[in-house]
Structures are given as structure tokens and as C-alpha cells.
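Given the coordinates of chain R, assemble chains W, L and Z onto it according to the supplied hints.
Line by line, the protein sequences give chains R, W, L and Z. Residue 35 in the working numbering sits at position 35 of the first sequence, with consecutive numbering throughout. Residue 24 in the working numbering sits at position 24 of the second sequence, with consecutive numbering throughout. Residue 201 in the working numbering sits at position 201 of the third sequence, with consecutive numbering throughout. Residue 9 in the working numbering sits at position 9 of the fourth sequence, with consecutive numbering throughout.
If you're looking for bench data, these hints aren't it; they were derived computationally from the structure. Where a beta carbon is used, it is the ideal one built from N, C-alpha and C, also for glycine. Please note that the accuracy of each hint is not assured.
With the C-beta cut set under 7 Å, the calculated list includes, among others, these residues of chain W facing chain Z [claimed, not checked]:
| no. | residue |
| --- | --- |
| 1 | Leu2 |
| 2 | Ala7 |
| 3 | Thr10 |
| 4 | Leu26 |
| 5 | Gly33 |
| 6 | Gly40 |
| 7 | Thr42 |
| 8 | Lys70 |
| 9 | Leu71 |
| 10 | Asp75 |
| 11 | Phe242 |
There are 4 protein chains.
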Amino acid sequence: MLIVMKADATEREVENVVRIVTELGLRAHPLPGAQRTAIGITGNHGAVDATRFETLPGVAEALRVSKPYKLITLDLKPEKTIIRVGDATIGGDELALIAGPCAIESRAQAFAIAEIVRRSGARFFRGGAFKPRTSPYAFQGLGEEGLRILADVREAYGLKIVTEAMDEHGLDLVEKYGDVVQIGARNMQNYSLLRCAGRSRLPILLKRGLSATLDEWLLAAEYIMAEGNYNVILCERGIRTFAQHTRNTLDLAAIPAVRRVSHLPVVMDPSHGTGKNYMVTPLARAGVAVGCDGLIIEVHDQPERALSDGAQALTLEQYEQLVPEVRAIHEVITPAHVA
Amino acid sequence: MLIVMKADATEREVENVVRIVTELGLRAHPLPGAQRTAIGITGNHGAVDATRFETLPGVAEALRVSKPYKLITLDLKPEKTIIRVGDATIGGDELALIAGPCAIESRAQAFAIAEIVRRSGARFFRGGAFKPRTSPYAFQGLGEEGLRILADVREAYGLKIVTEAMDEHGLDLVEKYGDVVQIGARNMQNYSLLRCAGRSRLPILLKRGLSATLDEWLLAAEYIMAEGNYNVILCERGIRTFAQHTRNTLDLAAIPAVRRVSHLPVVMDPSHGTGKNYMVTPLARAGVAVGCDGLIIEVHDQPERALSDGAQALTLEQYEQLVPEVRAIHEVITPAHVA
Amino acid sequence: MLIVMKADATEREVENVVRIVTELGLRAHPLPGAQRTAIGITGNHGAVDATRFETLPGVAEALRVSKPYKLITLDLKPEKTIIRVGDATIGGDELALIAGPCAIESRAQAFAIAEIVRRSGARFFRGGAFKPRTSPYAFQGLGEEGLRILADVREAYGLKIVTEAMDEHGLDLVEKYGDVVQIGARNMQNYSLLRCAGRSRLPILLKRGLSATLDEWLLAAEYIMAEGNYNVILCERGIRTFAQHTRNTLDLAAIPAVRRVSHLPVVMDPSHGTGKNYMVTPLARAGVAVGCDGLIIEVHDQPERALSDGAQALTLEQYEQLVPEVRAIHEVITPAHVA
Amino acid sequence: MLIVMKADATEREVENVVRIVTELGLRAHPLPGAQRTAIGITGNHGAVDATRFETLPGVAEALRVSKPYKLITLDLKPEKTIIRVGDATIGGDELALIAGPCAIESRAQAFAIAEIVRRSGARFFRGGAFKPRTSPYAFQGLGEEGLRILADVREAYGLKIVTEAMDEHGLDLVEKYGDVVQIGARNMQNYSLLRCAGRSRLPILLKRGLSATLDEWLLAAEYIMAEGNYNVILCERGIRTFAQHTRNTLDLAAIPAVRRVSHLPVVMDPSHGTGKNYMVTPLARAGVAVGCDGLIIEVHDQPERALSDGAQALTLEQYEQLVPEVRAIHEVITPAHVA
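Isolated chain R, as found in the complex (with noise of 0.2 Å):
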């Protein structure tokens, strides 16, 4: 950490926050400069709350230096996570194909669906059976019995199932009907249902929050392996800015971003990302060729019927042409990207 005192501050309440930071256990460090003195802080084993000194008569300002988190870091794992579903990766040198409707709708809806992902050597299915919606008096979702659907799609079709739970309660049920469990957007600090996600046996899937940063992306991956679940796959999926002409914005300089600090898979979701069927195709061409480690993607055999996200859902037809051109861009970057 690093105090920086104001222009006029006086000997005195330098030495006060001198003080006051070895009180705390801690070592400083002055540091008199041309036009004022910055005092460095070290001795921390955690991260300190650099804000509280920014009270203190004479500081200017306080500025954090170390990361708060741990587990995620490559410093303390240099190695790539690989996480293994069954003989299925993500995170290796496979691109991880996850398809499906944004809504389980009926058996015949998702084995229609199924059907064309599985033809197209995809590994996983997604589908949502419990469905967070902004509005109450939307459709939101099958419940149990949309999971039973997944369950024998995967029994079907050798898929691996990804769905998404809400609450301690759907997160029981996916464990027993599913794969790997998505924690959506919305569910990125909720702490409760992290901590129940870090004592799971599945992988989770822990979708970036549309307003979240970096580092908080990064420490709700933290609350889950600080309960001991190190299964953790990162999703982009847009963040919320100003523009309107895209649903959400995908900020795609956040996978060489997460690939800097943390050992991590990290995938990208460019039908949530967007909103827009006619840019999926192009943005996930361009996840993948940023580096993902695979992509989400919203199929659906009647997008104009159905009962969630319509108009971000691809058609099997649109589907099956996107696969063996991002498998192609995967195939050039890839020496590029181990290297």
C-alpha cells in the first residue's frame, strides 16, 4: 500500500500516519519527494483496507498495491487449469463447444436442439431450468422437470449437461441431474450461493456480473476454491455500458486480461454477450481467436417461438455453419496461444 500525503502536509502528520500504521503491526516507509512525501506500507500478509487512511489529517490519497486475492493467481498455481467432465476438457487444448436453447422448453424442443449439437462434436448442452428473469410474470423455466429433460439428453446423446442453479436448492438439483452448474450474471456476489458453489462436487461455470470488474470476477471465483471446489470455469458475457445497440457489451481484452494473473479456463458467452443473432457468428469467431477456451452458444429449432431470449438464439442452420469456422480460427491461434 501506498499513502501519498497532500502537497502541504506537515512533518507532524506524517508522522502520525507513521504512527498509526506501525500500531497496526505493519512497517512504513517515507518516501519525501519533490513536491510531497509518499509513505510505503509493507509487513501486510493480507490485503489492508488502504481507504481508511484516506481520513487521516494531511493524506491525500491511498492507494492499494497488493492483489486481494490467491488461489486464482498464477502465482500460486503457474500451470493452466484443465478442468475434466467425464472424458470431455475446457481448458485444454480442445475448444469447448456448449450449446443449446437459453430455456428447456419440452423434450421435443431439446432433443431437436440436441440432436444437431451432438451431430456437430460439441461436448456439452446447455439449457436453463431455472430461468432468472427481470420480470416476475416471465417464463421462468420447467423447474425439476426441465432437468430431467437435460438428464436424458445426456443419457441420449453422451452430452455433457450445463445448467444454471439460483439458490442452495436448484444447486442440490443440478448436482444430481447435471454436469457443471452455471452461476449467472446476476449471482456473481451472491456470497451465499458461492460459498454453497465452493462445496459442490461439479465444476462451476461462474458468469461474469454485468457491472463487475477484474478483480471482482476474479474474488468471486475466490469464494468458491476458498471453500475447497477448484473446479471453477470463467464466463464473459458483456458488461453493462452505454451502448445501446448490442444487449450487453463483451469485453473481450478480459481473457489476455484473466490469462495474466490467474491459471483459470475462461469461455465466452457471445449470444448473451450481444442479444443480437446476427452478431453471434462474428463476435464468436472473435472469442475465439481472442483465446477463449471455448464458447456458449444459444441455438434453438424455432428462435421466433421461443419462450426466452429469442432474438440472441442462433438457428441449426446458422449453427452448424459457425462450428468448423471457429474451429478453424482455433487451429491458427493455436501455436500462436501455447507459445
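Then chains W, L and Z, alone, in the frame of chain R:
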């Protein structure tokens, strides 16, 4: 809803949209314009997901016109809601003052602060027993022990207790010890928690999420009300923007915006909304001037030693100066505001 | 400046950074910590571009500590600047009211509005002759003819004229006819224009850019002052955020933030800041409560027929109600604010 | 345009809106719905300022439907624009590479970088002679001397010169020495400069403003085209958001969004778009994958000694690795993208 066709949309494409709309049991009104045709849709009783029409051939965009909420609206209940907590109110003529520390740290701390809060004439005491913290390694609150201290503060000073619940279990405990349940910004779209809150017998203070639009915030209130609990207090506490000179950007225009559509009372939290001690007083004044029904203010007897959010807490002295100022402004605007 | 090394940075990498810093004529202070080494830099007389060090081997990040501005600071000039325009002031004890239409549309319109503005006791009349419009097909203002009308308003009512210049030529004309030159939000970083403004003999009202940070805004003022014109008035007029219930989000916390570092006066524009007629009065009240030195208010005699920004203009009646309210709030906070 | 009446609007209020609309020479189409009446407006030839109707009694809101631009649209010109600069093109089959330093610092620097740029097969050289800097005390560029060096680079290497003009005077000079005029992000709404650019004989590379919506950006291009210069290249270079792990947030979805409405070519600047050396290569790959017509890349022979933006410049080696990667991705997507 309004569907806007592309400039080069064919007659057939317009007819196709009209047909699909009609099949869904709605009525379509084509409006040919100089440059393009628009199609008005009527007959829907709830909100229709407009975006699903965007992928139909010839459609440029689809605009939702009807608002998706009901219970929160002035259309439904033209007179303002007044929340009664014992003999105190929020939303009536009185300016509601809710003051106290960010987190309950000890009995001594709580009582030292409550003494001053009581003396200022405030009717509500705030303080967290369960703290949602960005890092799993930060102080998480005293839990039920903190709630017991709060109950003792009520006993000793007659202050009503406002405190946060982060999950169903916490909500049960707050019902046991407190008077008003706070739902924090991070949980504003934790729909499972909102539904539980909707079944509580206590009023709910619902903080706006960091990136919540006005509609999303009002729909979160609608979730609670749809379960039968009509005692909801909205709380503006700042949104996330690019600006870095404050922790969040207080969106004071949200207050008249809420007033224009909803009967629910709305308060403001200048402490979390700015994150800086020296900004709390001016922004508290602004909150009252803009028409808030109350303020939530963090106060601490020793801010530099606070276990959380020390940088934004007022000292006891600063708090005591603040109260008469905001009361005087409330006085000035009251007739105007009522008019 | 502070350079933070990676946790696994080697002794050599630290030495290399120290060597480069020293070669640049600065002094390096290595601070070994429990987890990583930080290197404090002193001896720089201006701001050093910190980020250039970020690509050196072993460096995690580089943080700038010194602020890059000088002339705007309280460090340089501890007493507040009062701008004098004839016998009127901005920044002194008086609340400066600057009112008038968005654009000058005709002599009749300007005089009808000026009559009411004068009667309210305001000292400044605003109105655009050159209008920066998002579309090239929208009304662009009356040009020099508009300035002549403004000069006649001054003559007739004794009001000081505040009007925008969009380029060097416009600035020459405003110097000829007006009293205060407005630089609009879109031109806040038009550095050629700022330099011209710095050579003007008139005070400059500098609007904050839609996405300007506090530092960028203050540095734009610094550009003007660096050319020798010290009469700069800052104007908060809303920033661009995700929120859609207003045209912009007024950032009222910017007012105390400016006060803390700068001696320049700061006013607020609730008309452009909200874009909605019904929000102007409550936000004007809030602006005064937060400590602004003045308000810029759009008033129109026939808002529904205005050639630009009709939705945000107050009617003459609304304006006449507003003035005593904001004056009363100014009265309430004046002692507190001075203290 | 669509005017939405309040749920409790009276028959008279609806009639009043219809009357005013009719008086303005437009046609009103009232559409009574289950909850409220909407009024469609047709007959307008340009855009009507919708918001002016919002203050009429009984009106809830007014939505603009027609887009305000013409010349940039695919409606007007369905085939994509290809900009020809001598024998090089932007917008055709070829991926346009525009590389060079942020600022021209010396002849030696410019030539050392141009050598590598030429060898990579790029056709365009970039470098600033006039630098818009946030601080008046930062290096502002070599001015005309820098332009002369650029002209010599063209002479020596046959590269086309892309360089920024900040005002009318600079534009005259760039016309004398350069091949493509860049309008920077800060000047995107400097309408006086846009009009000058519209009278230039050179193509204009128009960077998106930091907080520009898609419509505002396209309207800035419309300003240039409305003066007669149809050779406009759009450049996405990142927007300002809350995210702090990058200098700006690259909005890659803007590329397909532009494609959907406009015939103009669009390139991307991953250097300014991220501000971090290690992110430039992955984001450059993503830019090509999403369908950009070209890339602007900052390259420096000694990034740690650069006079501006050193942190984001690629080294010569990094640049030489990047080129074959982005070419390979361009190859992969070309058929898909054309289709």
C-alpha cells in the same frame, strides 16, 4: 409494441409479420410511412418479448412500448405509500433518518453510535451483522451475535433496526431481531431472495443494483410485491460508471424518475454512493433537495479503525452537524415538493 | 510514481528497473514487501508517463501518484477564484443564475424570455447562436444574427451574455458580442479551441465532456489557463452512463471533488444534465444543495415549438417558481458551505 | 415516431396531440391499446425531434423510429465502399494494415519502424505530427517537421501516410504531406473540423469518440459526407466504461452493427483500444475475426523510451509475429464474411 420494418422490406414480409402477430392472438396495425412501414401491436395484456420479432425477414427493429410492471405503479395506486414501522414512518411528511455503522463490531461501538443517533432525533438505526464483502478474506460480520446487539440497541434507545439479509436463513434471523430487512445492491436480482422477502412480514429496503436500470430496479420491487409484501422502500446508492473520483456515481435523477411512475417511497445512501467521507454531507443535502423520503448515513465513533468502509463513515461530530442542515433543506422544499 | 514488481520478479529485474529509472534522472527507492517488491520514484518535476515502465521484465504495474495539473490547484492558489463580469460575479457569495433558451430562434423569442429572466433577478442570459448538433440536418443556429440579438438583449435588460463558440472564428465573434464564452461538452478536448480560449479576454465557461474523468476536465481548464486566461468556470452537465431514464447522468459528487483540489468556481446545468422537463427543478435544487456556485437553466416561452431541446426547457412559469426555491436552499447551506 | 400516452390520458389529451402533430404537417395514427393509447406519426421526411412532445399533457413518452442518417446507409448505396489510396485499398478483399509509432519523434525512429512495416507487407504507415494530449505539459508532436519526415517515409518506402489533423490549419498541412487524414476520438464531434474534412480531397479516417453511440458516430461520418467527401473510413478504438483493466473497452460488436446499416469500411485500433502491450496481439486477431477491414497498430523500436503511449506499442519483433497470424485469420473468415 412497435415493429419497424426495413426501408426495403417487401409487401410479403410485412404480411408475414402481421400473420405471425395475429397467430399469437394480438392485433397488428400496419402504418406505412414515407421511408418505411411500422406495425403497431395491441391486445397484449402483459409485456411481450419484443426482440423475438427482430429476426423475422424484413424487420429492422422491435420496440417495447408497454411497461412490464404493475404493482409498483401510480396507475394502480395513485397515492404515495407510507411505510409504518411502529410509530416511525418512511414516505410521509417526516424525513426518515437511518444512521449507524457499516458493520456491528462490538456492543460498545454500537451503543456509542446509537447514543448520538438517538440524540439527533433519527428514528432508525442501521448496522450490518451479515456483510457481503468482495473478498472472502475480509471481515464478514458478527452474524447472529451482531443481531442480538442490534436488538439490545432497540431496547435501550427505541430506535428501529434496519439490517441486511443475504439469504433465506439470514432473513429468518432478521425477522427475529430487526424491524426492516435490507436487500443489498449485489442481491437486487437474486430472485430467490426477493421471493422470500416477498413472504416476510417486515418492510423491505431494496437497494438499487450497481448497474440496474430504472426498470430492472422497479421489477425487483415488483418481485417482492408479487408475493404479497407491499411494504417496499427503494434505496438509490450509486451506480457504476467510468468516473473514479467516487466509489459509485449517485444518480439523483432516479428519485424524480421513480416518483413519476411509482407510489413507493425512495431513500438515498450518500455513504456507499460516494465512498468518501468529505462527500457525504454535500450529497446528503442534495438527496433531500431532490426529494428523497429519507437518508441512510454511515456513522462511526472511530472511522480510522472501522472493520469495513471506514473511509466513508462520518464521525459523530460530522453527523451531528449534518442533521440540522438536511432538516432545514427538507423544510424549504416540503411545500414545493408536495405541490 | 510507484512501480510494483511481480511476485516472482528476480533481483536482476528489480535492478534493471532501478537502473532505467536512474538513467532518466530520477531516484528509485526499492521497498521489499512480504509478497513482492515495490519501487517508489521521486525527483520528477512534472508527471512521468508511468505506463511506459509496465512492459519492462518483472513489472506487474506502474501507478502514477503525482497529479498532472498545477494552475487549477488549491496548492497554487488556496483562495477561491471569483469571476467578475461587469458587476456580476460567479464564485462569490451570490448564487449565479444563467438562464435562457437553448438556441436563439428569433428576436421576439429572445426578448420574451429575457424579460422573465431579468425579472427573476438573474444576472446572466444564455442562448446559442452556434449550435453543435448531432445531425448535420438539424437546426444549426442563427449564427452572427443570433449574436446580434443577444447583444440587443444585453442592451435592453442589462443581462450578461453567455454563449457558445465552436471554433476560432466563432470565438472571435463571441468576443465581439458576448460576455462569457461557453466551450461545449463535445469540444472539451478540442485542444486547438482551448488554446484559443486561453488567449481570449473573456471568461470561459468550460462544460465537462460526456465521458471526461475529473482529471481530464481539470486538465482541459489547465490548457486554457496555461495560455494566460485564468477566468475559467467549470460546468457539470452530466456524464454518459448506462442509465436511460435521463439523457445524461448528473454527477453531483463532481462538485465537492472539484472543490477539494481546485480554486475554480463550478456551476451545474440540470437542463442538459437530465434532458427532461420534469427533472430540471429537483436537480437544480440538488445542485445548489451540493454547493454549486451557479446554475444554467434552459427556459423557453413555447417549449413544444422549440427548434432544439424542447423537452428539457422549463416554461416561463416553471422557471419563476424555481428561482425562489433554489435561493432559499442557497441561504440554508451558505454558512455550512463557507465553514 | 411513436407517441405513447399515459394509461390515464383523457380523450381530449389524445386529440390535442393529434391536433398538434397535424398542425406540423404530419399524419397521426391513434392506436388504442388494452392499457393505453399510442399514436403513430408518419409523413416526416427527415427526423423529427421526438422528445418535444414529451411535455404535452397526457404523454408518457415519445420514441423516435426513423434513423437520422442517409448518406452512410446501405439503403442509399447497397454495395460496400472501397477506399482507394493510390494502389492500396481499404474496404476491399485485402486486409488493410496501418502501422507505425504513436508520435513521430525523429527521422531515425520513423525510418527504423517504417523499414519493418514495409517488410511486413503493410501498405499504410501511421504516425502523429500533431498529438492531442490530455495534459498541456505533455509532448505535443513535432508539427510540420513531423509531417516532412512522414513524406520522406512515403518517398523511401512507398507507404501511404495516415496522420491526424486537429484543426483546419493542421488539415491543410496533412493535405500537403499525407494520404489519409485521421480525425481523432476527441474531435469526433468537433463539427467545424468535420465540415472542413468534408471539403478535403483526401480520405478521412474517423475514430469513434470515447462515449459515442453508434448513431452519433455514423452521424459524424454523415457530417463529412454531407459536404461532399464520400471517402470515410470508420475506426473503432474503444469506448469508456467502468472497466479499469484496459485503457478503453474495445466494442467489437460495433463492427457487425456498422456493417448492418452502412456501406462504409471499418477498421480497428487495438493499441489505443486496450492501452496494454500484451493485449494488442489477441485483440488484433479478434478484430480481424469479427470482420474488420483493417487494423491500426502502434509499433515502436524502443517502446520504453517512447514519448507517448509507450505502454501499448508493440516491439518490432512482436509486430512481425502478429502480421502472419492476422493474415491467416483473415483467410479463414474471408469466404464466410463475404457470403
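If you take the shortest Cβ to Cβ gap from aspartate 75 of chain W to chain Z, is it below 7 Å? 4 Å, holds
May I ask you to test the interface hint for glycine 33 of chain W with respect to chain Z, counting a Cβ-Cβ separation under 7 Å as satisfied? Because about 4 Å separates glycine 33 of chain W from the closest Cβ in chain Z, which is inside the 7 Å limit, the hint holds.
The hint names lysine 70 of chain W as touching chain Z; please verify it with the least Cβ-Cβ distance against 7 Å. Cβ of lysine 70 of chain W sits 10 Å from chain Z, so the hint is violated.
Checking hints one by one. Is threonine 42 of chain W an interface residue toward chain Z, by the C-beta closer than 7 Å rule? 4 Å, holds
With a cut-off of 7 Å, does the beta carbon of leucine 71 of chain W approach a beta carbon of chain Z closely enough for the hint to hold? Nearest chain Z Cβ about 14 Å off; hint violated.
Satisfaction of the phenylalanine 242 of chain W interface hint, Cβ to chain Z closer than 7 Å: 5 Å, holds
Using the nearest Cβ pair, does leucine 26 of chain W come within less than 7 Å of chain Z? Violated - the Cβ of leucine 26 of chain W stays beyond 7 Å from chain Z, reaching only about 10 Å at its closest.
Grab the minimum C-beta distance from glycine 40 of chain W to chain Z and call the hint holds if it beats 7 Å, violated otherwise. 4 Å, holds
Is the interface hint satisfied for alanine 7 of chain W? The criterion is a beta-carbon contact with chain Z at less than 7 Å. 4 Å, holds
Does the closest beta carbon of chain Z sit nearer than 7 Å to the beta carbon of threonine 10 of chain W? Hint on threonine 10 of chain W: violated, closest Cβ of chain Z at ~14 Å, above 7 Å.
Chain Z contact restraint on leucine 2 of chain W - CB to CB distance below 7 Å: 5 Å, holds
Comparing the model with each earlier hint shows violations of hints 3, 4, 8 and 9; every other hint is respected.
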